[in-house]
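Chains as they are written, first to last, in our numbering: chain D, 139 to 255; chain L, 48 to 244.
Check each hint, because a few of them may be wrong.
As the list claims (entries may be wrong) - Simulated restraints on C-beta separations:
| id | chain 1 | residue 1 | chain 2 | residue 2 | range |
| --- | --- | --- | --- | --- | --- |
| 1 | D | Met-241 | L | Arg-229 | 13 to 21 Å |
| 2 | D | Asn-193 | L | Val-202 | 40 to 48 Å |
| 3 | L | Glu-58 | D | Ser-186 | 48 to 56 Å |
| 4 | D | Leu-244 | L | Leu-81 | 25 to 33 Å |
| 5 | L | Arg-73 | D | Glu-171 | 35 to 43 Å |
| 6 | L | Leu-136 | D | Asn-209 | 26 to 34 Å |
| 7 | D | Ser-186 | L | Val-202 | 36 to 44 Å |
| 8 | L | Arg-61 | D | Lys-248 | 26 to 34 Å |
These are calculated hints, taken from the structure and not from any lab test. Ideal Cβ positions, reconstructed from N, Cα and C, are used throughout, including at glycine.
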Amino acid sequence: MKHAFKALIAAPFLLAGAAQAMPCDGSDLRLREAVQEVLVNAENPRISGWAKYLNESFYTDVSCRLSHGMNAEDVLRLREEPEVLIDLVIGTHMDRNQSDALMLMLSAMKGGSDEKI
Amino acid sequence: MIDHTDIRTLESLRRAKTEFHNKLCRASADSAPLLLQKLRSENVFVLSEFFFLLSAFGLIAHPNKLESYILNHNTQLADLIASDERRKLMGLEVPRLRRGVFSMIQIHKAKANLLSATPGLDQADIQRLTIMLFSPETGRRVIEYLEAAGFLTRVATPYYSKIVQSHGMIEEYFAEYLAQVRTDVAQSAAPQQEVQT
Numbered sequence: 139m140k141h142a143f144k145a146l147i148a149a150p151f152l153l154a155g156a157a158q159a160m161p162c163d164g165s166d167l168r169l170r171e172a173v174q175e176v177l178v179n180a181e182n183p184r185i186s187g188w189a190k191y192l193n194e195s196f197y198t199d200v201s202c203r204l205s206h207g208m209n210a211e212d213v214l215r216l217r218e219e220p221e222v223l224i225d226l227v228i229g230t231h232m233d234r235n236q237s238d239a240l241m242l243m244l245s246a247m248k249g250g251s252d253e254k255i
Numbered sequence: 048m049i050d051h052t053d054i055r056t057l058e059s060l061r062r063a064k065t066e067f068h069n070k071l072c073r074a075s076a077d078s079a080p081l082l083l084q085k086l087r088s089e090n091v092f093v094l095s096e097f098f099f100l101l102s103a104f105g106l107i108a109h110p111n112k113l114e115s116y117i118l119n120h121n122t123q124l125a126d127l128i129a130s131d132e133r134r135k136l137m138g139l140e141v142p143r144l145r146r147g148v149f150s151m152i153q154i155h156k157a158k159a160n161l162l163s164a165t166p167g168l169d170q171a172d173i174q175r176l177t178i179m180l181f182s183p184e185t186g187r188r189v190i191e192y193l194e195a196a197g198f199l200t201r202v203a204t205p206y207y208s209k210i211v212q213s214h215g216m217i218e219e220y221f222a223e224y225l226a227q228v229r230t231d232v233a234q235s236a237a238p239q240q241e242v243q244t
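One chain only, chain L, in its complex shape (with noise of 0.2 Å):
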């Protein structure tokens, strides 16, 4: 027996992010195999989701919720690091996730990013940001792939830091991308006939 509401909600699912990954296939600025391959990497729908994140939430206008953000990411850090039932259900590891806290005075330096000239996260405050996601080379690995693909825009300072721009692209095909789903998901939603098979 098929239920169809469940089938159709994976469909959707499915239908929806692999148009967010053609997407970024066509928008990319070089066409090379091994980037548009890349660009099909889970890793890079995550980042993605962590940009969208940043824009729905307004961490990247306002220093103060950047910071409060911040110390929430560090708090959670501390937590996983002092909980070893928690930290082994998520498989990670205590030298990784010390890697992502932050001390207070890179905090204040992200909140100063912010109110420069060229206003963005520096790629080391992304790498702690996203260190249980994945370790900050394969981090940097993926922003370089956004980068090449003409995502995101990296602007060294004279302070040898990389500040991360967007270019926005990522976070409003991701942002098709729940239109969809919750689109799709709602038509789907309507009773439909189950089949004896």
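Just chain D, with the same shape it has in the complex (with noise of 0.2 Å):
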């Protein structure tokens, strides 16, 4: 729930702030829909009343970063974790360094290499 409230407060600024960042491959009508059915419908009521006031051009802006990873079947099936969702929103036109992470999977196998077979 508090993780879910920050990512709400963050997402538009975050999505406003990437706008012309990364080009979007084409608008894809069910992939928006899908996108405003999960938020508008979400249980918690922080994000479908939050959805409710967004407008076209954010739904829009929206599913073209998410059309970069995904469509809408993968959408509708966080219906249940409307937070996963905006975290993905979040996540996926941000160009994070990965570095960090591939030291840590490199160790996680390293590890697990030494394991006597």
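Using the hints, put the two chains back together into the complex; each one sits in its own frame.
See below:
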């Protein structure tokens, strides 16, 4: 809940900031409707209440960003987890450097390779 | 004042990475511009590193090693979920990290997949193992790009899973990338004359 609320506050700003950074492959109406359905019908009233105030251009922007990694079916699978969708909205458009995660992955694999066969 | 060693090191890194992506594009089974554009993405480079390491550490060949790797992965995720500071530093969120945790049943299935007639990692397991790198949805897309290019094959099983098998080319190109960096940097490590500008 705490995460979802924090993400809710942050998402519009992050989206606005990245609006020109990542061009959209093309408008996907089904994806846009799926995003709207998941957010508007969220059980969490903070999310559903907030989602009703958003305009079409917001949903178009969000679906554009998500289209780089998701389709409508993927989004609809998150009906029970709208917080995850918000996390993805934030996460998919950020070009975060992956070196830290790659170092952790290498370390985990190195530890695994020491296991006796 | 220019430090030529630094510049040559940077050049060799850039050159080797460009050559890596060029090789992928030249060897792609499909030369559609959009696919070639995807093959040049950072996420493709990162997933190639993942496959290279799996191969280099022999994790696909030995179920016990894979299990140990997955347990280490689970421990790392649990540590990150418990540590606000480290998680924020990495820019990751708890719901996403939770999606990467393996249950014991999933670990046993992952080991069993290595012993099947079509040995490999389940796509869902790859998505969990790369959760710190990208979301499962992005992971799936990157796998699809590499499959469209002919570098991976996904084998559908009767249990509604997809076993991902690499043909070995991306691992080979990644090893060549590392070798090129190593060679170029060694050559540039010789003392160079500094130039006043």
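Consistency of the hints with the structure:
1. The given range of 13 to 21 Å is respected by D/Met-241 and L/Arg-229, whose C-beta atoms sit roughly 19 Å from each other.
2. Remark: the range hint 40 to 48 Å for D/Asn-193 to L/Val-202 is upheld by a beta-carbon distance near 45 Å.
3. Evaluation of the 48 to 56 Å hint for L/Glu-58 and D/Ser-186 yields a pass: the beta carbon distance comes to about 53 Å.
4. In this structure the supplied range 25 to 33 Å holds for D/Leu-244 paired with L/Leu-81, their Cβ-Cβ distance being about 31 Å.
5. A C-beta distance of roughly 40 Å is found between L/Arg-73 and D/Glu-171, which places it inside the suggested range of 35 to 43 Å.
6. In this structure the hint that L/Leu-136 and D/Asn-209 lie 26 to 34 Å apart at CB holds, the actual value being about 32 Å.
7. Under the hint 36 to 44 Å, the C-beta atoms of D/Ser-186 and L/Val-202, about 41 Å apart, fit the expected range.
8. The supplied range of 26 to 34 Å is met by L/Arg-61 and D/Lys-248, whose beta-carbon atoms lie about 27 Å from each other.
The structure agrees with every numbered hint stated previously.
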